[in-house]
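Please work from the sequences and hints to get the whole structure.
Note that the protein sequences, when read in sequence, are chains L and C. Just so we're aligned, residue 1 is where the first sequence starts under the numbering used here, counting upward by one. Just so we're aligned, residue 1 is where the second sequence starts under the numbering used here, counting upward by one.
It is worth saying that the hints were derived from the structure and are not from the lab. Computed from a prediction, not measured in an experiment: that's the story for all the values here. There may be inaccurate statements among the hints.
BS3-like mimics (lysine-lysine), calculated; alpha carbons at most 27 angstroms apart, straight line [said to hold, decoys possible]:
no., chain 1, residue 1, chain 2, residue 2
1, C, LYS135, L, LYS63
2, L, LYS61, C, LYS60
3, C, LYS135, L, LYS5
4, L, LYS61, L, LYS121
5, C, LYS135, L, LYS300
6, C, LYS5, L, LYS201
7, C, LYS192, C, LYS165
8, C, LYS63, L, LYS61
Listed here are the chains, written in short residue letters.
Protein chains: 2
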Amino acid sequence: MISEKMRDYVKNSSAIRAMFEEGRRMASLYGEDKVYDFSLGNPNAPPPIGVENAVMEILKKEKGPSLHGYMNNSGFLDVREEVGKTINKKHGTAFCPDNIIMTVGAAGGLNVVLKTLLNPKDEVIVFAPFFGEYKSYIENYDGVLSVVSPDMETFLPDLKEFEEKVNKKTKAVIINSPNNPTGVVYSEEFIKQLSNILERKEEEYKTSIYLISDEPYRELVYDGMEVPYLTNYYRNTIVVYSFSKALSIPGERIGYLVFPKELDDFRDIVDGANVATRILGFVNAPSLFQKVAAKCISEKTDLSYYDRNRRALYEGLMKMGFTCLKPQGAFYLFVKSPESDERNFCQRAKKYHILMVPGSSFSCPGYVRLAYCVTYETIVNALPKFEELIKEYK
Amino acid sequence: MISEKMRDYVKNSSAIRAMFEEGRRMASLYGEDKVYDFSLGNPNAPPPIGVENAVMEILKKEKGPSLHGYMNNSGFLDVREEVGKTINKKHGTAFCPDNIIMTVGAAGGLNVVLKTLLNPKDEVIVFAPFFGEYKSYIENYDGVLSVVSPDMETFLPDLKEFEEKVNKKTKAVIINSPNNPTGVVYSEEFIKQLSNILERKEEEYKTSIYLISDEPYRELVYDGMEVPYLTNYYRNTIVVYSFSKALSIPGERIGYLVFPKELDDFRDIVDGANVATRILGFVNAPSLFQKVAAKCISEKTDLSYYDRNRRALYEGLMKMGFTCLKPQGAFYLFVKSPESDERNFCQRAKKYHILMVPGSSFSCPGYVRLAYCVTYETIVNALPKFEELIKEYK
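Take a look at the structure:
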């Protein structure tokens with residue numbers, strides 16, 4: 001008796017839940033430390049100490065109902081001011097509170113943007129491999145997903161294919177760099193080429209094509225890598241940010257949207273996003289953590305925690321003969337499956353208590369994703385198991 | 001370039017924003033204490049001291065990333081257990097964590113339920129006067145709103161009309177007691193009659209009709225009034241609860257859903273609601289405040305604060321000749337407009353710096369809603385202004 005659309009989602013999502021439950025079952029059978037669960041993107045690095053201090057300070061300073069009360073659907077004015085200022089300082093932009101809407105994480109932000117923009121049958125282009133939830137977010141508003149394949153060497157989107165897939169119905173493009181699941185960071189050169197194509201296509205079709213930059217991993221980059229700020233390259237860019245990974249607080253559901261005033265139909269889009277925030281039931285981003293995020297906006301989770309994991313896992317797996325892309329950001333490693341059907345490979349890995357996500361979940365079969373936001377010990381202890389696993393293929 | 005559906009919403013919502021901005025404008029012109037803003041349901045009673053203490057205790061006790069991390073989409077297990085136990089103790093039910101999903105407030109909860117249940121064109125019955133957002137929530141999932149009028153004496157739904165409006169396409173009924181905007185609490189007798197009709201109609205059409213009980217004001221009742229727990233009366237009941245008003249923390253966005261195991265298609269509905277929580281972008285209810293809510297579940301905002309306001313405003317207005325229903329719960333007073341077009345009346349009231357919401361916003365023209373969740377002083381100072389206002393009609 002649930003809706004037909006939901007019936008399909010439930011069927012598909014049971015696979016993910018099955019894996020999660022398999023992990024729980026294994027842990028109870030063999031012990032937590034004998035299960036190597038690389039399937040979840042749940043940060044294991046603790047939040048910076050500033051987070052807890054911020055909570056204490058805010059509670060001490062702000063008394064009365066306003067701290068926990070409703071505010072404008074966009075969020076607290078002072079918080080949005082702080083967010084704008086911080087972006088401006090880092091990226092030479094000129095955002096004020098009018099350009100910022102606080103959101104219930106990046107997932108909430110993406111839903112707000114897509115609800116605002118999409119008419120039924122509008123197309124949204126995503127670049128494989130991509131975070132599987134994009135498909136559901138787009139379908140929530142009866143949009144149509146259009147997938148562009150990657151160059152299999154660099155895992156950058158194939159721009160020739162992209163250019164062919166942009167058409168009159170293309171309303172938006174979702175870009176995710178640093179990328180989940182590959183860890184690739186798109187270079188400035190790449191962004192310029194992409195923007196160029198978009199501008200030409202807008203001109204050709206006399207439409208507006210919005211580039212939605214989903215950036216939950218912006219702060220998680222290694223080796224001094226730079227992540228270009230896309231509003232500086234393409235006029236119709238909307239930024240979707242989350243503090244989940246930067247501050248290790250994904251459960252608190254706090255992020256923001258950036259709408260540059262240069263956007264086509266800027267005023268309508270911001271008004272629409274406010275209404276969408278309200279009617280989708282978010283109403284506003286959680287109030288206390290809006291203030292916490294603003295106070296901790298220049299803090300960052302311990303990057304060396306993930307970097308150590310990254311190097312240990314990447315080098316360990318390469319040494320034993322696995323093929324993988326060295327991640328430049330985020331906390332995922334995308335590994336080539338030693339057999340063509342990577343779901344079989346994931347199945348085999350379970351024998352060694354290793355849990356991974358098949359690339360099919362990211363529209364990229366033949367690969368598997370390992371989330372290395374686990375403890376260092378998990379990686380150290382898992383490596384000999386991977387060694388046994390790869391031996392099966394030699 | 002925003003979606004057509006959103007374009008209409010933006011147009012309509014500008015009326016509400018206009019009023020809000022009018023209030024802000026007046027306050028800056030005449031001073032905050034010279035503006036009597038009864039338009040917003042933003043609790044002015046402070047949260048019980050337990051809320052702040054709970055935050056401190058939780059931060060002291062729970063270290064590491066798990067407190068602020070992802071959990072199951074349903075929410076923390078211990079929190080759901082506590083919620084179930086508390087309901088069981090109060091209402092003689094038998095809920096366990098499996099029956100509970102923590103939500104981003106009641107608005108988030110309602111969206112999750114409607115997303116789970118509705119196929120396009122499914123009908124959802126609501127009882128006028130009703131919270132205007134229900135319309136948007138239902139239309140988010142292409143459902144069709146069906147409105148049943150009230151008995152104009154008691155403001156209880158007209159059950160004869162209700163019976164006529166239930167049909168084969170009726171998927172759900174939303175009920176809201178204590179009611180926004182009338183403050184009416186539906187009696188046990190009324191609930192029994194309603195359940196009876198629903199059961200007969202389910203039998204007649206061989207369908208499941210879900211009764212969605214939206215209960216953000218459950219804890220706000222006066223004069224020892226009892227609010228029946230609907231799962232005890234009708235099998236296919238889903239409860240939507242929010243801590244926003246009970247704990248004066250609406251900005252924190254925390255509530256829960258109750259799915260009794262007796263529901264038709266219980267397993268599908270709970271699985272569906274979990275998926276809906278994920279794909280709508282909520283992902284999970286804010287983590288710290290899940291724990292805070294569980295710790296404070298038996299606490300309550302200072303009811304005497306609202307009760308004093310209720311009596312002062314009701315008695316004051318009645319004495320000067322206004323007609324209004326004595327509210328039994330919530331913090332709203334529904335007042336008959338002295339002229340048939342209540343929007344004119346609201347307009348005139350602005351001269352006296354009084355802001356109210358026209359009943360048309362609740363599908364009940366000819367009345368206005370006053371939210372008395374303001375300071376007591378606002379009411380005391382507003383009464384002479386109301387006196388001047390009503391004189392215009394004598």
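Right, here's what the structure says about each hint:
A hinted pair counts as satisfied when its Cα atoms are at most 27 angstroms apart, and LYS135/C with LYS63/L does not qualify at roughly 35 angstroms. Annotation: proposed proximity of LYS61/L to LYS60/C holds, straight-line Cα distance about 19 angstroms (limit 27 angstroms). With a C-alpha separation of about 21 angstroms, the suggested pairing of LYS135/C with LYS5/L holds against the 27 angstroms cut-off. Using a Cα cut-off of 27 angstroms, the hinted pair LYS61/L and LYS121/L is violated, with the two alpha carbons roughly 49 angstroms apart.
For the suggested pair LYS135/C and LYS300/L, the alpha carbons sit about 42 angstroms apart, so the restraint of at most 27 angstroms is broken. Using a Cα cut-off of 27 angstroms, the hinted pair LYS5/C and LYS201/L holds, with the two alpha carbons roughly 26 angstroms apart. Taken as a hint, the LYS192/C and LYS165/C pair is honoured in the structure, with Cα atoms around 18 angstroms apart against an allowance of 27 angstroms. In summary, the hint linking LYS63/C to LYS61/L is supported, as the alpha carbons are separated by about 23 angstroms, within the 27 angstroms threshold.
The structure does not agree with the numbered hints 1, 4, 5 stated previously, though it agrees with the rest.
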